[in-house]
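Number of protein chains: 6
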Amino acid sequence: MLIHLSSWPEIDARLKTTKTVVVPIGSNEQHGPTGLLGTDWLCPEIIAHAAEKQDGSLVVAPTFNIGMAQHHLAFAGTISLRPSTFMAAITDWVSSLGRHGFERIYFLNGHGGNVATIEATFAEIYAEWSFVEERPPFALKLRNWWDLPGVHAFCSQMFPTGHGMHATPSEIAVTQAAYPHLVKTAVMEPKIAPVGPIRDALDYRARFPDGRIGSDPLQASPEKGRQIIDAAVPALLKDVAEFSAEVLP
Amino acid sequence: MLIHLSSWPEIDARLKTTKTVVVPIGSNEQHGPTGLLGTDWLCPEIIAHAAEKQDGSLVVAPTFNIGMAQHHLAFAGTISLRPSTFMAAITDWVSSLGRHGFERIYFLNGHGGNVATIEATFAEIYAEWSFVEERPPFALKLRNWWDLPGVHAFCSQMFPTGHGMHATPSEIAVTQAAYPHLVKTAVMEPKIAPVGPIRDALDYRARFPDGRIGSDPLQASPEKGRQIIDAAVPALLKDVAEFSAEVLP
Amino acid sequence: MLIHLSSWPEIDARLKTTKTVVVPIGSNEQHGPTGLLGTDWLCPEIIAHAAEKQDGSLVVAPTFNIGMAQHHLAFAGTISLRPSTFMAAITDWVSSLGRHGFERIYFLNGHGGNVATIEATFAEIYAEWSFVEERPPFALKLRNWWDLPGVHAFCSQMFPTGHGMHATPSEIAVTQAAYPHLVKTAVMEPKIAPVGPIRDALDYRARFPDGRIGSDPLQASPEKGRQIIDAAVPALLKDVAEFSAEVLP
Amino acid sequence: MLIHLSSWPEIDARLKTTKTVVVPIGSNEQHGPTGLLGTDWLCPEIIAHAAEKQDGSLVVAPTFNIGMAQHHLAFAGTISLRPSTFMAAITDWVSSLGRHGFERIYFLNGHGGNVATIEATFAEIYAEWSFVEERPPFALKLRNWWDLPGVHAFCSQMFPTGHGMHATPSEIAVTQAAYPHLVKTAVMEPKIAPVGPIRDALDYRARFPDGRIGSDPLQASPEKGRQIIDAAVPALLKDVAEFSAEVLP
Amino acid sequence: MLIHLSSWPEIDARLKTTKTVVVPIGSNEQHGPTGLLGTDWLCPEIIAHAAEKQDGSLVVAPTFNIGMAQHHLAFAGTISLRPSTFMAAITDWVSSLGRHGFERIYFLNGHGGNVATIEATFAEIYAEWSFVEERPPFALKLRNWWDLPGVHAFCSQMFPTGHGMHATPSEIAVTQAAYPHLVKTAVMEPKIAPVGPIRDALDYRARFPDGRIGSDPLQASPEKGRQIIDAAVPALLKDVAEFSAEVLP
Amino acid sequence: MLIHLSSWPEIDARLKTTKTVVVPIGSNEQHGPTGLLGTDWLCPEIIAHAAEKQDGSLVVAPTFNIGMAQHHLAFAGTISLRPSTFMAAITDWVSSLGRHGFERIYFLNGHGGNVATIEATFAEIYAEWSFVEERPPFALKLRNWWDLPGVHAFCSQMFPTGHGMHATPSEIAVTQAAYPHLVKTAVMEPKIAPVGPIRDALDYRARFPDGRIGSDPLQASPEKGRQIIDAAVPALLKDVAEFSAEVLP
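Top line first, the protein sequences correspond to chains A, B, C, D, E and F.
For the first sequence, counting from 1, position 228 maps to 219 in my numbering; every step adds exactly one.
For the second sequence, counting from 1, position 122 maps to 113 in my numbering; every step adds exactly one.
For the third sequence, counting from 1, position 107 maps to 98 in my numbering; every step adds exactly one.
For the fourth sequence, counting from 1, position 127 maps to 118 in my numbering; every step adds exactly one.
For the fifth sequence, counting from 1, position 147 maps to 138 in my numbering; every step adds exactly one.
For the sixth sequence, counting from 1, position 130 maps to 121 in my numbering; every step adds exactly one.
Bound-form chain A, shown alone (with noise of 0.2 angstroms):
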């Protein structure tokens, strides 16, 4: 059941049975030369729609399609929120999600960069509860796809060099299983892409020219894409239904 697809009946009605909710959040930030500069909210929407075409009952949100990418800044198209805005959005999101009674709240995420803001907002959410005694009335996980169970293996397998950390083949396949008419191509120099230190939008540009990190998208097809997919949907499921029946202490 994707939210913004169904009528406010139906959510209604389907939370009386499900209190769990899905939320595909990424970033929309350069990809190297190759890769489409949504990818990173892509692959979380798109990973978590097919799960939901498997199974009809979960409930998935919109996608959260900007996120936190101020290094990848000085290449045209990204667009960022600063953390502090991030966190803010984040927090209605899930003040919003958990008025309507979702109690377990499940953000798959798609941008490593995402990661240490969306926790920073966690606790942040959590602290508004912990200085008064409070408990929240719901729980809040962070999920990045690739770390869904056995997918970084599954990855890592079928990419043994040239997987890097950023514009990977393995984030790119996912889109092209999707986009298979946008599949792009470039010559990439060096073929697989130098690694480093992440600091601002100049720093990163200038170690990374083309946008890379320690990778080598070309060995990217949909055909993979679709593997990965079908990897990480049953991974997806089970990890939500894990998380939906955690007994909080």
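Some hints here could point you the wrong way.
Which copy is meant is left open, because identical chains are indistinguishable; a pair holds if it fits in one copy or across any two.
[As the list claims (entries may be wrong)] Each computed EDC-like pair below joins lysine to aspartate or glutamate, with the alpha-carbon atoms no more than 20 angstroms apart:
{"id": "1", "residue 1": "K7", "residue 2": "D46"}
{"id": "2", "residue 1": "K7", "residue 2": "D201"}
{"id": "3", "residue 1": "K182", "residue 2": "D221"}
{"id": "4", "residue 1": "K215", "residue 2": "D46"}
{"id": "5", "residue 1": "K7", "residue 2": "E43"}
{"id": "6", "residue 1": "K175", "residue 2": "E237"}
{"id": "7", "residue 1": "K175", "residue 2": "E233"}
Just so you know, these hints were derived from the structure itself, not from any lab.
Chain A is fixed; fit chains B, C, D, E and F onto it per the hints.
Structure of chains B, C, D, E and F alone, referenced to chain A:
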């Protein structure tokens, strides 16, 4: 050119000739017994994407899908930002797009409840420059899709009674044109919903028990939606072209 | 009853029977070559105080004299709050007045540029309650003095041409009625000022070199101002009475 | 020259020779059984306007009429900003006035409870410059009207007992001089109010049931108020002149 | 009992009988040619820890070591919070300590430049309660160590000339008593530093080239510091006892 | 060179050759039945100060002693900043240190719960520069003391079982080495504490009743702590040297 389905070199190249970007912006909120929760962000997305199909030089950002919908929070599935959060997020989108060299940022809005906060945000952004006696490198414009030249008159003619202000047959029709398999129906009493002031969420639900304001959305049909889209697309392209051509003093 | 000229026991006693308070709110900003910088806060103050003279049971708060005027900052004497500051300040006024038991807080506004931010603030205030599923103990209303029933038509009739949008003859006239010794004159070219979009301060000054928008304020006179006040006062009293009598659902 | 009763070209012209502006600043809060709620903003306004009458070159801003009065909120009619809001608002006033070229911004304060927050705001404003190793284009000064050279001694002599700290006979007298038709009376027990620490609003009301602290305001009279004003006006003009003449290192 | 050197069960047990906590608070900022940068947080820490040695029932929090020192930023080693940050941090300390059941929170301050912001913070904290007509579960007190009863007089007697306002011989002496191996010396011209207003960092450095204000810190000695500490400790214990014993109305 | 025990001319002189500063940062929070509440800020302080003793050219800032510990608030003595406050405070520390010319700011962290917020803060700081296409004048680095090269392996070898995640024997041992007179003991059941997710304070206390997570801190001893410090100090000096030597692109 949809930013999220492009690579950064493609946007980079396009910025050599195009300095305008269209941002579909809306809200995820209840739309009566039959309307999709995503209606207000789907409508500007549908229209902007249709325009981009006609004119590939149009640069369209990802859709800003959560807006100011606090008054709808008593209906399941609504997600709202507080106005202050909304302002911070729009500001960061503008900072990001402006940094890449977009000099005209055009928000195609799908939610009346967003208007005040978006305008307040424009003032907040401009104020940063006004206080220091400098010019901003961009101009901002807000346009509700129903206020595109000719569109409102067209919709009024199509729905002479029961158009109303929320869950209108015209917006429902636009989503039906794009998602014809999701046309929903319900018995609605009264046929045309009541009108009244908008305040907090519980006040809203007490006044408008099924969510509609002044509307009879059952008049909508995919075909009517198609006609509205067909009216809106050229109006949008013309409006954007005029904004792009505007010479700043 | 003007709050600032009353003692607390007097307000305390009045609150036993009156739950409504009127807050004159405006802006301190340039009003063309002849208009007073205080025009936009003086007008609602003049009208509200005149109404209170007719009906001493009307409770009037001190005037909120600085609003959102960033676009006028290129003209000396303008003082502006950023929208975010304006929102915080209005919120605190409302919290203060609401705490005393005022259940209807009516903002009589004198500045078009304030409207978006005031409405966004109302939403910000209501959102605090909407997120926690509670009712606020007050209702808020914004009314521009020129939108008081009948007033705009009256002004249009009085000034069929050259009324314009800023430094209008009607607002200038209202201040002249109250401060007849301060009637100023100047040569203005063109007689009727140009119109155009409102953006940042330097853009504004380039478009509207003497500060006016679309207006010919030399048509103003103290006598005309008196007539406008005489039209606005009963309209205000009636509007406030209706707001006070409104039954919340 | 009162800014709000001037046109922008008049302020523009005055700025050629005068770089100093006086901002009357106070609070709207209970002042005991007989004091006006506006006492703390009326006093600096009365004194500053009287000074401007004597010396028309004195530039006086509109009165900043709502300050930090959280401790008075248990008494009807009090309106308070949170300190953080107060800071944001003062900052915007300073940004606005500084932008026009005022190089000396002098706050004539009428409320002891404002002092800490105004000083913290000055530090907040200066910090923006201190962090980036630049000089601000203005200097800020805070002066309580009773601390104008000679005024405190004069008041102490006039009211050797029962002057106290809140709802003092001197401030009540100043308002009586300006609004003699509003002199109010009441039986007060004890004649001289108690003293004690200031904390939150309920604590305050429990300690100081009628609102006064340490004072016997019935000693006030319009004539005494006139004498205080006559003492304060030349002291203000001299103090402002010295501030204007101060050479920054 | 120093909180940071205790276990939570020890604090838990102590809270059964003691509801007061002392928070040493200061600043890390230049203190002239010879003073330690930590002087202003070391002094209250030294005094509070000495008091705790005499009376183990005194609960002392970790030292809040960075305060409001924007005016010292032109001198290397100074670290400053903006007042708004300082306020947020103090608020969180108070929320944390109040949550554990501390009903009296006593800030022993070592930096005059902190006073305004700490007082503004107290008002910000109290305002949260005042706006909602509730009592806070704690009372807050600020005491500068030199304002402990008798201490200022003692220091003035010890240093009849050249005590000054910054890098005073008394504060330097207190640190010398605790860190006698760190006594530093330097030639200072003039012997007694100038005085003047405090504004931004560059203004400060221009007025006070070596950092001192009005002081001759070379009069300090470890022995004099020991005497000051010996005077301050019993004064602190008595002051805290009185605060603890105060009955709230 | 410890900043707080130095004078400003000493830091000024050192800045001619050293551009790196180490900031010990931690948290004040419960550490199980026997651990000191200050453990997480004491550990990095102990290690950094020991390193400074070996190499006096190391510049060490005062210890940032309160971090993000909302989940520990159900245990007495814990003091926590909200993440947003923590971010503001770190930002001001960085602004202060960066203003003096420190080009490498190295945070030696002692609390796992701080990591997300510190990283989000780095992004917030960098974003200010990324949005305006400028380079920051400093690089930031976060290093947990147990992640110093070789240290984690050393601790794991020392405590093959029962190391756990909170109130670990290694951190307890480090504080015991520095404060051997404060070694505490207690009966702990179970010997090795349970593990689980970290959420709000009440959830935490329900899962981890005595505060420990996965650890058996009774294995700690001062001697073991000394060995850990001896391993960490050279690792820190080497790590800082490499960071200082890093050439920015």
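Any of the earlier hints contradicted here, and which numbers? 3, 4, 6 and 7
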